[in-house]
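Under the UniProt record's numbering, the first residue of the sequence shown carries the number 1, and numbering increases by one thereafter.
In short, the hints are calculated from the structure, not lab data.
No false leads were mixed into what you were given.
Below, simulated SDA-like cross-link-like pairs (lysine to any residue); rule was C-alpha separation at most 20 Å, straight line: (1) 152 <-> 131; (2) 51 <-> 1; (3) 132 <-> 152; (4) 38 <-> 52; (5) 57 <-> 77; (6) 2 <-> 47; (7) 152 <-> 125; (8) 152 <-> 73; (9) 104 <-> 89; (10) 49 <-> 88; (11) 2 <-> 51; (12) 68 <-> 56; (13) 51 <-> 34; (14) 105 <-> 65; (15) 69 <-> 156; (16) 105 <-> 124; (17) 62 <-> 88; (18) 157 <-> 73; (19) 62 <-> 89; (20) 133 <-> 153; (21) 38 <-> 12.
What follows is a list of derived Cβ distance ranges for each label pair: (22) 153 <-> 107: 24 to 32 Å; (23) 130 <-> 20: 49 to 57 Å; (24) 61 <-> 121: 21 to 29 Å; (25) 35 <-> 76: 17 to 25 Å; (26) 76 <-> 114: 20 to 28 Å; (27) 19 <-> 148: 51 to 59 Å; (28) 152 <-> 65: 19 to 27 Å; (29) 14 <-> 146: 47 to 55 Å; (30) 111 <-> 146: 41 to 49 Å; (31) 152 <-> 89: 34 to 42 Å; (32) 56 <-> 121: 24 to 32 Å; (33) 3 <-> 133: 42 to 50 Å; (34) 145 <-> 19: 50 to 58 Å.
Backbone N, C-alpha and C define an ideal beta-carbon position, used for all residues, glycine too.
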Amino acid sequence: MKVKVLDASAIIHGYNPIIEEGEHYTTPEVLEEIESKKIIVEQALDFGKLKIMSPDKEYIKKVEEVVKKTGDNLSQQDIGVLALALNLNAILYTDDYGIQNVAKKLNIEVKGVAFEPTDKDFVWRKVCEGCKKLYPVDYREDVCEICGSPLKRKMVKSRLKKKRKRK
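Start from the sequences and build out the full structure, keeping to the hints where you can.
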């Protein structure tokens with residue numbers, strides 16, 4: 001049976017580890033975010049249906065590398081949940097598209113709770129509002145080097161390299 005890692009959105013949207021099959025994990029930071037669902041979490045912990053675990057540092061570094069490439073604006077909590085899913089080779093339950101985007105790049109299986117996971121593949125870039133020149137999301141300037149217009153953070157489709165079949 002596959003191990004499952006839950007982020008805050010999974011619990012907030014009603015995923016209940018008490019009634020679901022399998023071994024469930026989350027991070028300490030998620031507990032801080034989900035005060036409104038605390039009773040469910042406490043019962044799941046009491047029944048041994050939810051365990052708290054911090055991921056190994058090497059997995060946090062792997063996730064941070066991918067986050068830097070995609071430009072997703074993820075919190076340390078989000079990075080921790082992704083790292084834990086990677087660490088445990090688990091299914092990740094989340095409705096957060098940013099987390100789903102990074103999970104896809106890390107080959108982590110994702111399941112939505114209230115919504116189907118996104119099938120879009122995207123990265124974040126800075127785009128000039130004037131000439132539309134694209135910059136990496138970590139580009140330090142706020143104005144375009146070509147026309148001087150302001151730069152805006154924007155989601156753009158990822159260009160996946162597909163191999164062509166030879167005839």
